[in-house]
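Assemble the whole structure, with the sequences as input and the hints as a guide.
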Amino acid sequence: MESVESQIAEWRTYVARAPAVNGHDVDELEDHLRHQIAELNAAGLADDEAFLVAVKRMGDLDTVSREFAREHSDRLWKQLLGPGEEVSPAPSGWVEALVIALAAAVVIEVARLVAGFPDDKPTWFARNLGLFVLPFLAAYFARRRHLDSRGWVRTAVPFALAAIVINVYPYDADSDTEILVAAHLPVFLWFAVAYPYMGGTIRSHERRMDFVRFTGEWFIYYVLIALGGGVLMGLTAGIFQPAGVDVDRIAQWVLPAGAAGGVIVAAWLVESKQRVVENMAPVLTMLFTPLFAFMLACAAVVYAVTGLGDAFDRDLLSVFDALLVVVLALVLYAMSAREPSTSPNWMDWIQMVAVASALLLDLMVIGSMLARIGDLGFTPNRTAALGLNVVLLVNLAGAALLSGRFLARRSAFHPLERWQTTYLPVFALWAAAVVVVLPPLFGFS
Amino acid sequence: MLAILADGESYGYAILKRVRALSRGELEWSDGMLYPLLHRLGRLGYVTTEWRAPEGRRRKYYVITDEGRTALAEHQRQWLTVTRALEDAWPGSGALLTGLGEA
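Chains as they are written, first to last, in numbering that gives the first Met the number 0: chain A, 0 to 444; chain B, 0 to 102.
Treat the hints loosely; a few may be bogus.
[As the list claims (entries may be wrong)] Capping the alpha-carbon separation at 30 Å, the derived lysine-lysine pairs in DSSO-like fashion look like this:
| hint | chain 1 | residue 1 | chain 2 | residue 2 |
| --- | --- | --- | --- | --- |
| 1 | B | Lys16 | B | Lys59 |
| 2 | B | Lys16 | A | Lys55 |
| 3 | A | Lys272 | B | Lys16 |
In short, the hints are calculated from the structure, not lab data.
Structure representation (structure tokens):
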């Protein structure tokens, strides 16, 4: 019996090595194996024979673990590297990432020199900013995912169209619509990156969730890179300023190149460590979702009592919109990191509080915006803000409804996840509408 | 699998034995493949799971939910439609189900 136990233990370790199979699954599979062995024993087989037959019946472990990976793609993101496990000879592709990051940096430098930035600040430079960097990110993923030529063309189409549209439109001087385009184009282009990221399978809801995950991780890495870069620049200034070096001139060169290259490097980091270490964003969402929920609930109560009327102006509106977007991002990210089959826990309740408060705030914002528009009429800014708030409102309302059903145990978590992944294209479409439709609608004013 | 669970809660190994018995040994896939499938049913909300230890060892039990029953009824309806259509399309095959059973 001793030897069978050790054989089972060995088998367990082997199964547990598959990234998408977690401890509970191994327990479950082991239980199955033991049953099978017991039954074969009863049929007259010796222990070791029974073990061999049972393992054989379990099937090819590579195939089984691949099937697990398909069902639990989220786990591939959370795999911890245990002691003694070998790091897969990561197809890190850092050379490729570095070359593309350098290309993005060169392009942004050339554009900057042509624009004369920062002495001159021509508006075309700000307007096209996303187009200087994000096509490289798209190309990076198109290469990594081995897209065929049709895939490459489809990846390129949104970028080409955007480049044509925003540069053909005759914006007025000091045009509001031009500023709106500058703000919304990167959002639209980010969603355009989703196509190569998902390897063209944009209908797959699981891959969409992967893209949400990627966005959250990428953001964290980018912020970290920016912080590191800031420290480096600060120290450089401290060291070289006394020696009479013009640090500002250096910063002019380093900052744009670093910001552009950082986009690619952050994406490469997410890609290459995705299989290796625990990602930190779930921990951060775990930490910040309760804090944001508390803050939102307080804000909802305060503004429900005092009303938005007097305090409401353009600045407050942008703060509100930023807050709502952050809440949505937190909720989405927390969702992407969640094990979908578990039943409601306290984090789900806290998220529900956050979503309900955000919904209430959004309703109040929309109410006072409609009042303002009723008084003063539509402007490009008000239209864009109203549209964004309506897009957010519909999303939050759906999310609140479905998580209510989930918390009442009247449905599974799955519909909630589905709702968010189905809704993602709406954000892209809205950003596209602001870029394409809004300027002509307001005469490029 | 939902139909098996509709008869009462069960766990992996017992479900597999039932599948083998019901298909008279013809529907046999490797045992390990059962679990990703069960987990998928869990994610879709068709079954809930529970760890219990009736005989000392922890074992994961699967219980069908109301949603699972609804989905099962829908699948049964669809299969019945297909079966009827095939019975009409292949005249002389007699009762299709018994025919297949003897094939």
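Going through the hints against the structure:
About 16 Å separates the Cα atoms of Lys16/B and Lys59/B, which keeps this hinted pair within 30 Å; it holds. Under the criterion of a C-alpha separation no larger than 30 Å, the hint pairing Lys16/B with Lys55/A is consistent with the structure, at around 16 Å. Distance check on the hinted pair: Lys272/A and Lys16/B sit about 41 Å apart at the alpha-carbon level, beyond 30 Å; violated.
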